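Chains as they are written, first to last, in the working numbering: chain A, 1 to 305; chain B, 1 to 145.
It should be emphasised that the hints constitute simulated quantities derived from the structure, not laboratory data.
These figures come from a predicted structure and were not determined experimentally.
Mixed in with the good hints there might be a few duds.
[Unchecked claim] As a list, the in silico DSS-like pairs of lysine-lysine whose alpha-carbon atoms are at most 25 Å apart:
no., chain 1, residue 1, chain 2, residue 2
1, B, K134, A, K78
2, B, K113, A, K36
3, A, K38, B, K6
4, B, K6, A, K6
5, B, K113, A, K78
6, B, K6, A, K153
7, A, K38, B, K41
8, A, K41, B, K6
9, B, K113, A, K84
10, B, K67, B, K134
11, B, K134, A, K36
12, B, K67, A, K39
13, B, K6, A, K78
14, B, K67, A, K78
15, B, K134, A, K6
[Unchecked claim] Where chain A lies over chain B, by a calculated footprint (3+ residues, C-beta under 8 Å):
no., region
16, 1-15
17, 24-35
18, 73-85
19, 130-136
Yeah, the Cβ is synthetic: ideal placement off N, Cα and C, and Gly gets one too.
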Amino acid sequence: MLDYLKPTTLEEVFTHLDRLGSDALLLAGGTDLFLKVKKGKLTPSFLISLQRIPELNFLREDKGLFIGATTTHRTIEKYPYVRKHYPALADAEDVLGSVQIRNVGTIGGNLCNAAPSADTAPPLLVLGAKIHAVSKQGERTIPLEDFFQAPGKTVLTPGEIVNFIEIPAPKPYTSSAYFKHQRRQALDLPLLGVAVQITLDRDLGDITPSLSATWWDCLKERKVKCLSARIALGVAAPTPMRAFNAEGVLQGEIVTEEVIEEAARTAQKEASPRDSLRGEAWYRREMIGLLVKRMIVTSLLRLRR
Amino acid sequence: MEIEPKTTLLDLLRQNLGLTGTKEGCGTGDCGACTVLVDGKAVNSCLYPACEVEGREVLTIEGIKDKDGNPHPLQRAFVEEGAIQCGFCTPGLIMAAYALLLENPKPTDEEIKRGIAGNLCRCTGYVQVVEAIKKASSYLEGGGP
Numbered sequence: 001m002l003d004y005l006k007p008t009t010l011e012e013v014f015t016h017l018d019r020l021g022s023d024a025l026l027l028a029g030g031t032d033l034f035l036k037v038k039k040g041k042l043t044p045s046f047l048i049s050l051q052r053i054p055e056l057n058f059l060r061e062d063k064g065l066f067i068g069a070t071t072t073h074r075t076i077e078k079y080p081y082v083r084k085h086y087p088a089l090a091d092a093e094d095v096l097g098s099v100q101i102r103n104v105g106t107i108g109g110n111l112c113n114a115a116p117s118a119d120t121a122p123p124l125l126v127l128g129a130k131i132h133a134v135s136k137q138g139e140r141t142i143p144l145e146d147f148f149q150a151p152g153k154t155v156l157t158p159g160e161i162v163n164f165i166e167i168p169a170p171k172p173y174t175s176s177a178y179f180k181h182q183r184r185q186a187l188d189l190p191l192l193g194v195a196v197q198i199t200l201d202r203d204l205g206d207i208t209p210s211l212s213a214t215w216w217d218c219l220k221e222r223k224v225k226c227l228s229a230r231i232a233l234g235v236a237a238p239t240p241m242r243a244f245n246a247e248g249v250l251q252g253e254i255v256t257e258e259v260i261e262e263a264a265r266t267a268q269k270e271a272s273p274r275d276s277l278r279g280e281a282w283y284r285r286e287m288i289g290l291l292v293k294r295m296i297v298t299s300l301l302r303l304r305r
Numbered sequence: 001m002e003i004e005p006k007t008t009l010l011d012l013l014r015q016n017l018g019l020t021g022t023k024e025g026c027g028t029g030d031c032g033a034c035t036v037l038v039d040g041k042a043v044n045s046c047l048y049p050a051c052e053v054e055g056r057e058v059l060t061i062e063g064i065k066d067k068d069g070n071p072h073p074l075q076r077a078f079v080e081e082g083a084i085q086c087g088f089c090t091p092g093l094i095m096a097a098y099a100l101l102l103e104n105p106k107p108t109d110e111e112i113k114r115g116i117a118g119n120l121c122r123c124t125g126y127v128q129v130v131e132a133i134k135k136a137s138s139y140l141e142g143g144g145p
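Excised from the complex, chain B in its bound form:
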């Protein structure tokens, strides 16, 4: 794939690959709406040079459903707990939560809050989000996402 060096990973995903699940909230790494996983680590794709993903694995919100196309337990828990209002921050939040659970399958409330501190949500006030992540962790039985 040929791209301009100034391209960010976010642009690569949305413009070049048509994967519009990942959102641009601020474009400056200050909101987390653009969060995706690169080699298992949460990053702000709006700041990540697209040139750097060569040889690396990128996981976006489109990639976490199971092989039958069912929503991931995180997605299910977010819906059940009312953690989605306008939905704009949701893909980034879920990917941040996914990265958190990869590292820490049974986080405490405090650990959850620290894990998603890089994601802003203007609608929910975060309580439902924390509950949803706790619920997802129990769905996954501490076995990681």
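Just chain A, with the same shape it has in the complex:
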């Protein structure tokens, strides 16, 4: 027998969790969880719906962006501030599932479901996102790179829930990009996800190739320095991961094709993809090399002014 609870405050949620323990599961949108319950993969005795708790459903700009855990993907997809300042996240929301899924699925649910394929994870990792978790005992802040423990498992303790996600304001001359490598154009899970965020010391200027100078030649001439590089991969390890070594190759260097390619090769070595339904490890590794380079370039192109 299953019981469905509809608390309207966080206090009620904590009371339920306290009383029911592991017999209860938290439901945000339900596009992952409710399906598993329907199919019998999860057998809670209670579902605690988070849909009527206003403290969890908001978007707030304040020297950065604060996203409530039950904000839907569709809301984020349509939010101009996200598209302008956090294009990698907008890229992900554009391709996640379908319109129907995005109208119901939530960003908190996506992260807490903790699939290695979660589309919002690589973008949020490169954007420097932090999870603000809350429980009856108090609050704590968890950097996203410390949030995932294993496929389907986060570091949240029983009685603890995600309150909101904080994304810091991007520094000047910063842009980002995310690519979901999927077999179909929609309604698919990625077989690889690649996100990049780049901060330069100035904008890219007007790079115009000519008969005597390729785009790469022009870039090399421009001598822009990469002040900060963040690279994250989905479906390349048991959890969404940052490619720290690859970032180190690019960070602090003048941006050239050679440096970008070395970063991409380093990311390939850092990742630990496996064979699975959607692709084999060798293929995923190849595509990491290609897509890391491509997403660095996309981020650079977004910095033309």
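Since the structure of chain A is already known, use the hints to place chain B on it.
Chain B in isolation, oriented as in the chain A frame:
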């Protein structure tokens, strides 16, 4: 109405309310055949907990004809453009198109394709569907569905 908590909105519509216009294609949110509107937003009813519709407005394919019982311009356009073959995906597709036109009364071809990307059709190849939605948009004179 009393229901089991595990009931999906799709089951509520088809089993409890006898509204069989909405179809179950996959039951996992991967085909869109079960698309209905909840508070004006397209959702996969096969994944939507029925318990959550309390206090919300649900619009199904049965509800879009006009007050005299005539087909909605979307339905008319689908018939005229040959966008219906076996018809199984049709209610879901029309509801997705309805939601699209609610938000964007004059969509471009690209916007239409993105708007219905959550609906699979094995018969038509989608060209007639896109044409039908464009036609419906002109019938509605950009005034929304």
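Proposed proximity, K41(B) with K38(A) (alpha carbon, max 25 Å): Since the Cα atoms of K38(A) and K41(B) sit roughly 23 Å apart, the hinted pair holds (cutoff 25 Å).
Given pair status - K36(A), K134(B), alpha carbons within 25 Å: violated (37 Å)
Pairwise hint evaluation, K6(B) against K41(A), where the allowed Cα distance is 25 Å at most: holds (13 Å)
Restraint status (C-alpha distance of K6(B) to K6(A) at most 25 Å): Holds: K6(B) and K6(A) sit about 14 Å apart, inside 25 Å.
Outcome, coverage hint (the region 130-136 of chain B, chain A; C-beta under 8 Å; three residues): violated (count 0)
25 Å Cα cutoff - pair K67(B), K78(A): violated (33 Å)
Claimed coverage, the region 73-85 of chain B by chain A - three or more beta carbons nearer than 8 Å: violated (count 0)
Outcome, coverage hint (the region 1-15 of chain B, chain A; C-beta under 8 Å; three residues): Check passed, 4 qualifying residues.
25 Å limit on alpha-carbon distance, applied to hinted pair K134(B) and K6(A): Since the Cα atoms of K134(B) and K6(A) sit roughly 41 Å apart, the hinted pair is violated (cutoff 25 Å).
Given pair status - K39(A), K67(B), alpha carbons within 25 Å: violated (39 Å)
25 Å Cα cutoff - pair K6(B), K153(A): holds (24 Å)
Given pair status - K134(B), K67(B), alpha carbons within 25 Å: Holds, at roughly 24 Å.
Going through the hint list in order, the structure does not satisfy hints 2, 11, 12, 13, 14, 15, 18 and 19.
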